[in-house]
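*Asks:* Fit chain B to the given chain A structure using the hints.
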Amino acid sequence: MMQKTFDFFIPYNRFMNEQGKLEQALPEWSRDQERLIEAYETMVLIRNFDQKVVALQRTGKMGTYPSILGQEAIGVAVGQTMRKDDVLIPYYRDLPAQYLRGVRLVETLLYWGGDERGSQYQHCPEDFPNCVPISTQMCHAAGVATAFKIRGEKRAAVVTCGDGATSKGDFLESLNVAGVWQLPMVIVVNNNQWAISTPRKVQSAGQTIAQKAIGAGIEGIQVDGNDYFAISDAVQHALEKAHAGKGATLIEAISYRLGDHTTADDATRYRSKEDLKAGWEKEPIQRLRHYLLSQNLWSESQEKELQNKSTKIIETAVSDYLNTPPEPPESMFDHLFADMPAPLIEQRIDVKSLAGPGGTQQGSH
Amino acid sequence: MNIAAKSDTADASVVSHKITMVEAVNLALARAMQEDENVVVLGEDVGVNGGVFRATVNLREEFGLKRVMDTPLAETLIAGMAIGMAAQGIRPVAEIQFMGFIYATMEQIVSHASRMRNRTRGRLSCPMVLRAPFGGGIHAPEHHSESTETLFAHIPGLRVVIPSSPRRAYGLLLAAIRNDDPVVFLEPKRIYRASSQDVTDDGQALPLDTCFTLREGTDITLVSWGAMIQETLQAADQLLEQDISAEVIDVASISPLDMATIRTSVAKTGRCCIVHEAARTHGVGAEIAAELSESSLFDLKAPVSRVTGYDTVMPYYRNEMHYMPTVERICEAATILMEEGL
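In order, the protein sequences belong to chains A and B. Throughout the first sequence, residue numbering follows the working numbering, covering 1 to 365 in sequence. Throughout the second sequence, residue numbering follows the working numbering, covering 366 to 707 in sequence.
Where hints are given, some of them may not hold.
[What the hints assert, rightly or not] Below, simulated DSSO-like cross-link-like pairs (lysine-lysine); rule was C-alpha separation at most 30 Å, straight line: (1) A:K21 <-> A:K309; (2) A:K168 <-> A:K61; (3) B:K431 <-> A:K246; (4) A:K149 <-> B:K431; (5) A:K84 <-> B:K383.
[What the hints assert, rightly or not] For the chain A half of the interface with chain B, some residues (derived, Cβ under 8 Å), not all of them: (6) E116; (7) I150; (8) V177; (9) N323; (10) T324; (11) A338; (12) P341.
Hints were generated in silico from the structure; no laboratory data involved. Yeah, the Cβ is synthetic: ideal placement off N, Cα and C, and Gly gets one too.
Just chain B, with the same shape it has in the complex:
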């Protein structure tokens, strides 16, 4: 689908497309590049090839070589160059082909991107986005399926954002690009093409630092993000059949974390189950649970529970579905909370 070319039309600002998440990423990139000539895209195979997932398809044709840069195969360089450009007022959107290769950028992101504004007392800043597809479930080779968002979520000065649908990918990516600070934007590739949604190319960004309540409920709060929102919503459907009304929150901004929305929900439901694909120990779920134990103890009718990946290396794809939380595991955890609670 030729999204970038489509958005070229005269009434681009009001066109609505039924598109997948990866197409929504492409649409947001094209929109941001049309709006601001400082927005550039760089990474491995992002130009002629349009990205290995086609997230940057047609951008090179529309915006030219200077704004869509195929880099040498060097992740540290991609992140470091983005920092240099950003300090110069360019707004680079750098793609790391898979999150499994993002670790080479850690020194650049942790030691420079996240602290450029602070260490120069606002003289220089780092308005860059580091995009990477992540997560399991597509039968990918070794190193292509991990969920390690918590590594970045611990770093002060950095935003970590994860969309869970085409609409949120569009709105959150626009927000990330327009933001004046560095954003790690992790795209759950399992749902890149899982479903389509009407997305209006109106240039409207969604707020960062904010959770989205996807479904209201009264008995239990299910908190999740990324691809796991699919299983979490299905679990909420099944729970309803057992007369359990689940509220579903999409965290979306992993860091900084919007605890206010989660606390308000838990104050209403009294129960909370956190669902994430990443390994359990030291995961983002642990932080949410700790926050709730500090602030919401007297609202809770049952302990906070987590349904997560295991503390193992992500198995190769023959076994990856046994690693990832399932609808059944979420329903079981929720049912236990309903039975064991006060």
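Isolated chain A (complex conformation):
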């Protein structure tokens, strides 16, 4: 008769339901009221900013942009919980985490607006830039975590991706090494149910994404990614573990992509109105707001003030972006190598002379 060799269990956690009502007692850290207010304010700012970037694209002032609508809680939790000396290795839908890490809104606008200086982050010099090729950043995070381990530093590499990325080899290879080398790594999957038009159930027959951790011998946790408390608590737990040298954690944060994949996508082609409506009922900002109001930690006047403040911050960033002249054309050569090889010096002269005076003004927004 066959015997059982091992039992596997995937925990699921949430503290707060869709209406902002608690389902269990909140963790100790949630008594930090400033942290809760900062989380709420950041989520609102990022939502307004995100919608502004989409509007800029629609009016021809921005390149293709992937909205983060409805997934703000995950990035806020990641950004708030990480230590400054940890390193974030993001994918391309991590705006709130990047903002809290110190990436300036104008840098985000420059990046999606077609300017490499948008990844020159002034305030978080070790964080990786947005990663567009799916899942490739997972391996970089394993490398960053290995660097920490080689140097004996108690720092963590935090890497994010979407649900589609979990189908790729890079994801599984990185989980595998994180397990076998016990790397200080936190992997946060924003399971927003869609990889462009491919729904979660077509992506994998696995009952959860978190269970992919089991094959790698690391901890896998599933949480309600629209519950700020649940996702924050999971990231905090994973970071404490990583800092203590106790290995990697995979967190599957369940959310819903309320927007299109990017501004070049039209989700109405493949997604029903009912599906989207159900997504809106679970979104993260309303429920945190309800909770804060119920605890008298927030008021309508504060809300009004926040909206005004956000508008000003966004207007300043947009104005800085629109007023930033493009780099001169020859800049395409200037950061390719530490020492520019001779053939490139010749080509650079060509580009510069072809652009001529005023050439730097071409190719603007």
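*Replies:* Same frame as chain A, now just chain B:
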């Protein structure tokens, strides 16, 4: 041979070894790791086993587990991890066991390693080396004998370097490791142990982005790299018997390409034959020929010619010697250029 242990001795900086190319690779790795604690080695079987070709032998004993890492069997991961480490200031030297398995790293190398510096405007960089044995001629199984350097040579932001002797393996690998940008370092395994050469372990790197003129001549320029340098030099010997004086250039840095040295030579000889093991079409030889046609047309007394592998899948080993350029083919091409020229 216990190279890593030998270099431990007090006068390591001036010891000269008569060693093979694979031993020279090992010597350069040990030297670089002694000089800079940020240099680490990772790959499949590089630790306890010392690499399937023994290129990393004894490094684990000398430098420890943290700096000589046996990875899981995952090439994409090896390249991607090296990128992550490099962005953190580590200088990883990653080994891909055979070039036939390097294709899984292409996305990491093309989309990240080669452009990390550019896409962050210099904020992050990628000082990594991706080493792989390549090329035919050792009766290896399927997928172990191809020469596909041109795939990487087309990628901006990447250096592609191929040594052709123990001394150049030592000097070029040191240069690659010390370089602040990613280098694909391809080692022609046919000559890993073909001959020995005195190599002084003096820590002297050779220049990258530079061709080496191995032999001076006046009638024809033979341009080659890697293992084919052997056949090219033998061809130059035979041509001399026919009173044809051949200049032999070892390209060494496939990318960026040092056309200045090749142009200067062709200006002198007026004839050029390019020899490479890789398939002919879209090979590195095509680029050299195109450059010469743009810049040196009036120096040329005959068309530029190529002696290369064929545009076929590399045959299994029973027929591999029919694929690879031979001394006879090189001599024949050179003789035709001498006869047909102006």
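*Asks:* Using the nearest Cβ pair, does A:P341 come within less than 8 Å of chain B?
*Replies:* Holds - the Cβ of A:P341 comes within 8 Å of chain B, reaching about 4 Å at its closest.
*Asks:* Less than 8 Å between beta-carbons is the criterion; does A:I150 satisfy it with respect to chain B?
*Replies:* holds (5 Å)
*Asks:* Between A:K21 and A:K309, is the straight-line Cα distance small enough, at 30 Å or below?
*Replies:* holds (28 Å)
*Asks:* Take a quick look at whether B:K431 and A:K246 sit within 30 Å of each other, Cα to Cα.
*Replies:* Satisfied, since the Cα-Cα distance of roughly 17 Å is no more than 30 Å.
*Asks:* May I ask you to test the interface hint for A:N323 with respect to chain B, counting a Cβ-Cβ separation under 8 Å as satisfied?
*Replies:* violated (19 Å)
*Asks:* For a C-alpha distance cap of 30 Å, please report whether A:K84 and B:K383 respect it.
*Replies:* Violated. A:K84 to B:K383 sits at ~51 Å, over the 30 Å cutoff.
*Asks:* Is A:K168 within 30 Å of A:K61, Cα to Cα?
*Replies:* violated (34 Å)
*Asks:* Classify the hint on A:A338 as holds or violated, based on whether any CB of chain B lies nearer than 8 Å to its CB.
*Replies:* holds (4 Å)
*Asks:* A:K149 and B:K431 were given as a pair; does the straight-line alpha-carbon distance stay at or below 30 Å?
*Replies:* Holds - the C-alpha atoms of B:K431 and A:K149 are around 8 Å apart, at most 30 Å.
*Asks:* Next item in the hint list is A:E116. Is there a CB on chain B closer than 8 Å to its CB?
*Replies:* holds (5 Å)
*Asks:* Can A:T324 be said to touch chain B, with a Cβ gap under 8 Å?
*Replies:* Given a least distance of 13 Å, the restraint on A:T324 is violated.
*Asks:* Close enough to count: is the Cβ of A:V177 nearer than 8 Å to one in chain B?
*Replies:* holds (6 Å)
Checked against the numbered hints given earlier, this structure breaks hints 2, 5, 9 and 10; the rest are met.
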